[in-house]
Amino acid sequence: MATDPVTNSARTEVLRRIRAAKGGIATAETANAEWSAIDRTYRRQATRSREAILELLIDRLQDYDARVLESIHVNVRTAAAGMLKDRKANRMVIPAGLPAEWLPDGVQFVVDEHLPAMELDHVDGVMTAATLAIAETGTVLLQNVPGQGRRAATLVPDYHLCIVRAEDVVETVPEAFARLHPTARLATTFVSGPSATADIEMTRIKGVHGPRFLDVILVR
Amino acid sequence: MILLWSATIVPDASCVGEIYSLLNFVLERSISAEAGLRVALFITCYNDTLFPDTGKAVVRVLERLGHTVEFPAGQTCCGQMHYNTGYQAEAMPLLQRFVAQFKAAEAVVVPSSSCVAMMRDHYPKMAAEIGDKQLIADVEELLPKVFEFSEFLTRRLGLTDVGAHYPHRVTYHASCHGLRNLGLGDGPVKLLRAVHGIDLVELQGLEQCCGFGGTFAVKNADVSAAMLADKMTAVLATGAEACTACDNSCLMHIQGALHRQNTGVKTLHLAEILAGEEGVAK
Amino acid sequence: MSGTALDPKTAPTFPMAAKTALGDTQLRKNVRHATDVIQAKRARVVAEMPDWQDLRESGKQIRQHTMENLDFYLEEFEANCTRAGGVVHWARDAEEARRIVVDLVKASGSDEVIKIKSMTTEEIQLNSALEAAGIHPFETDLAELIIQLGQDRPSHIVVPALHKNRHEIREIFRQKMNLPDLGDQPHDLADAARVFLREKFLRVKTGVSGANFLIAETGGVCIVESEGNGRMCLTLPETLIAVAGIDKVIPRYQDLEVLLQLLPRSATGERMNPYTSIWTGVDPADGPRTFHVVLMDNARTEILADKEARQTLNCIRCAACQNACPVYRQTGGHAYGSVYAGPIGAILTPQLQEMHHAQSLPYASSLCGACYEVCPVKINIPEVLIHLRNKVVKQNTSGVAGFFDVEASAMKAMAMIFRSERRFRAAQRMGRIAESPIAGRDGWIRWLPGMLGGWTQVRDLQEMPKETFRDWWERRGKNGN
Chain X
908 MATDPVTNSA
918 RTEVLRRIRA
928 AKGGIATAET
938 ANAEWSAIDR
948 TYRRQATRSR
958 EAILELLIDR
968 LQDYDARVLE
978 SIHVNVRTAA
988 AGMLKDRKAN
998 RMVIPAGLPA
1008 EWLPDGVQFV
1018 VDEHLPAMEL
1028 DHVDGVMTAA
1038 TLAIAETGTV
1048 LLQNVPGQGR
1058 RAATLVPDYH
1068 LCIVRAEDVV
1078 ETVPEAFARL
1088 HPTARLATTF
1098 VSGPSATADI
1108 EMTRIKGVHG
1118 PRFLDVILVR
Chain E
1026 MILLWSATIV
1036 PDASCVGEIY
1046 SLLNFVLERS
1056 ISAEAGLRVA
1066 LFITCYNDTL
1076 FPDTGKAVVR
1086 VLERLGHTVE
1096 FPAGQTCCGQ
1106 MHYNTGYQAE
1116 AMPLLQRFVA
1126 QFKAAEAVVV
1136 PSSSCVAMMR
1146 DHYPKMAAEI
1156 GDKQLIADVE
1166 ELLPKVFEFS
1176 EFLTRRLGLT
1186 DVGAHYPHRV
1196 TYHASCHGLR
1206 NLGLGDGPVK
1216 LLRAVHGIDL
1226 VELQGLEQCC
1236 GFGGTFAVKN
1246 ADVSAAMLAD
1256 KMTAVLATGA
1266 EACTACDNSC
1276 LMHIQGALHR
1286 QNTGVKTLHL
1296 AEILAGEEGV
1306 AK
Chain W
84 MSGTALDPKT
94 APTFPMAAKT
104 ALGDTQLRKN
114 VRHATDVIQA
124 KRARVVAEMP
134 DWQDLRESGK
144 QIRQHTMENL
154 DFYLEEFEAN
164 CTRAGGVVHW
174 ARDAEEARRI
184 VVDLVKASGS
194 DEVIKIKSMT
204 TEEIQLNSAL
214 EAAGIHPFET
224 DLAELIIQLG
234 QDRPSHIVVP
244 ALHKNRHEIR
254 EIFRQKMNLP
264 DLGDQPHDLA
274 DAARVFLREK
284 FLRVKTGVSG
294 ANFLIAETGG
304 VCIVESEGNG
314 RMCLTLPETL
324 IAVAGIDKVI
334 PRYQDLEVLL
344 QLLPRSATGE
354 RMNPYTSIWT
364 GVDPADGPRT
374 FHVVLMDNAR
384 TEILADKEAR
394 QTLNCIRCAA
404 CQNACPVYRQ
414 TGGHAYGSVY
424 AGPIGAILTP
434 QLQEMHHAQS
444 LPYASSLCGA
454 CYEVCPVKIN
464 IPEVLIHLRN
474 KVVKQNTSGV
484 AGFFDVEASA
494 MKAMAMIFRS
504 ERRFRAAQRM
514 GRIAESPIAG
524 RDGWIRWLPG
534 MLGGWTQVRD
544 LQEMPKETFR
554 DWWERRGKNG
564 N
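Residue numbers (my numbering), protein chains in the order written: chain X, 908 to 1127; chain E, 1026 to 1307; chain W, 84 to 564.
Source of the hints: derived by calculation from the structure; they are not laboratory data. Wrong hints could be hidden among the right ones.
To be verified - For lysine-lysine, the following DSS-like pairs were computed, each having C-alpha atoms within a straight-line distance of at most 30 Å: (1) W:K461 <-> E:K1170; (2) W:K92 <-> E:K1150; (3) W:K474 <-> X:K929; (4) E:K1215 <-> E:K1170; (5) W:K461 <-> E:K1150; (6) E:K1158 <-> W:K390; (7) W:K92 <-> W:K112.
Make a model of the complete structure from these sequences and hints.
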């Protein structure tokens, strides 16, 4: 089933070469059986306590120079108000579906309805929820769903305020993938620290592109 | 007797080490499970021709430990140089020769980790390619009996102190095949530490390749020289009188530069240090 | 404009190129520093992982399994990607891939493209083809930007401008970005790049990328990056074209849980790289409206057909082997004459050339095995190097030309000697005779003729001992000791 009829002959030829090289045609049955037989003895479950996992996430995020605030005794709105004030952020873009009760007064919130890239470039920052976070690697994971929105909106602004719920924090990468499997086709972005480059004499520099400033509110 | 003797010594710090290694020496001798083995020596083509002293040292150590050494006279070469340079076909008969010469041995000792790596990594595959069922079976039976010299002592015999005396400052280079293919680990260093009188200094970057690599030293002489320069710097920084290793191939290469630059530092195979009886009252 | 491309067809042999590289002090210093840093970082984050060896084993099995079922997984990827709105193209070789991409860019109505770093596009020299068609490619990865502005070539798979230090980079930026007062601190340079590129990200309509992984189960594509330029190129343009070797496909989404642990730790010594993007086909509300994938063979099926070398395709392009290689660490990447350098380059490059070129590369190794030790998917690179040396020898010794091959004759002669004890002993005696004219009075040889002269350039050689071991053993037997 060629998707591009123009390269149909190339497709036929490449597949022919592959089959000649292997000595046979691979089928779904054998592929699935063999795939299921792959050894997976690596860690696939959490080994730390819930408390330790959350502490680990905070530690890793801070290692990437992200600021983290745990909202235990304050609600998200209050926590957000403080962080936005510190960052001097007055105009923030938000995705559709972000809970209204999270939004503090005194800040202008623009809902992202296909804002042109140039406009995204001129806001003070973006505020979203998150799908999950991985403690071991300090990763916050975003998908294109209500409350998180499309990818460009969390990319172009220079500041990202992200609200992560404690129950969405996992310890390991395999646990994250287990949770993500039902939504595997969604546009997904793994964010592990503000953008960096190691290309100038191997010095890790923050902020070539993408948000240079990341704040996380961890909701208990 | 030993305990009585040690009790008469004033127990200050410098004596504790002496007492400990003496006790160790006695204990290891008595718990060594194997004595009186018949050990076949595979000297290797280049040791036979260029480093006979290494072979003599192996013989001395093994006889001192109470074993009998045999030397199958028809032995020549394991085929590594040919195989690694791309002449696999020419290496096949050499595998067959090795098996024929050594299959009757109780144990085979080889003072060259790259040759043992050649056998372990490639002989089974080569035998399968030749397709001779008997040969395949012979290789499978023979290989577990083949040991690099230092691993024969530490793993087969379970020893670290072999009664050696070598009162000099020495540094150890970990040959790549011994380190990575044979997984010798800290076996050689343990043997060295147990040498009486030795001043063992750790070599910075001991796991870095010296740059010999067989025909690499000639085909890529410039890069080989650059790698050797780094190794030289590290050796000279230890202030050692001698650099040692489990492979004379590395040592020949390192010695070549140490001598060219008139450093006065020499190289010698681990076996020659372990055979050392310098300073022992006869 | 790109600099002269690294072309295995025309590159000098490794020994010759290495000699030049070894004379470049700045290069050697930069390469040494960079590889020291990455190796140390990698060692630290790998030491944290109690299941690192388990991950390596699974990584190896996943990749091996993929190659054994490559046709199935490519078709599955194509079906799922198409279903999600992507358009899949197939290319037999580099030329076909270039043509497809150029046509697609033209069809997108843009005469500029923004590019994410892609070794695959370097391999096929895509930028030259685009420029020849009047299309200007803007590299957006900082290292690739440095390479492009400096009219240079990449020297490392993950950190292509590793051979440049900040002063050299500042000079390039000062001139090409017209910033005469540019500072030389790393953050000055990064800021300059940010401003220079942001304008392009927000404006250019067509993007070209490679792909780290193509996910068969979902039809999705995964891109692993550090700077955010990837995210820019993947989400802002209207048209996106991804070029990928057929070896980039992986069976299932879940397999990423292994590969995304192995890759960042091996490549840059980080627990996770800053940004990883996964998307499937086209989403009208998020990202490009048109998405194309070009699946390219370009001799990968030849590698697949060689059972002993097939594991070459398992590579996930982490470059840990380059950082560990004592040869690469002396010469840097350009000496290999290919965008794929170091240990993986030594096995991949000649095979992509179907062994017609780059024959010196399998010999650009002392077989120390450091690469195999660090390879996250356990490619036994030394084994493949030896196998390719065999292929080179077979090629060189076939036919009439083989008859005159000096090395082969010498090797055959030595093999005959080793096959007989009598001949061996005779050769030992002959050696002593032959060397006596060139041995000094102190017993050392300081000069050897011909090919062997490489030894005595920097090393002395002790003359052969008067008595071989077996002579001594025989004498000992006769004396009853």
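Evaluated hints:
no.: 1; hint: W:K461 <-> E:K1170; verdict: holds, 28 Å
no.: 2; hint: W:K92 <-> E:K1150; verdict: violated, 33 Å
no.: 3; hint: W:K474 <-> X:K929; verdict: holds, 20 Å
no.: 4; hint: E:K1215 <-> E:K1170; verdict: holds, 22 Å
no.: 5; hint: W:K461 <-> E:K1150; verdict: holds, 19 Å
no.: 6; hint: E:K1158 <-> W:K390; verdict: holds, 23 Å
no.: 7; hint: W:K92 <-> W:K112; verdict: holds, 29 Å
Going down the numbered hints, you'll see the structure goes against just number 2.
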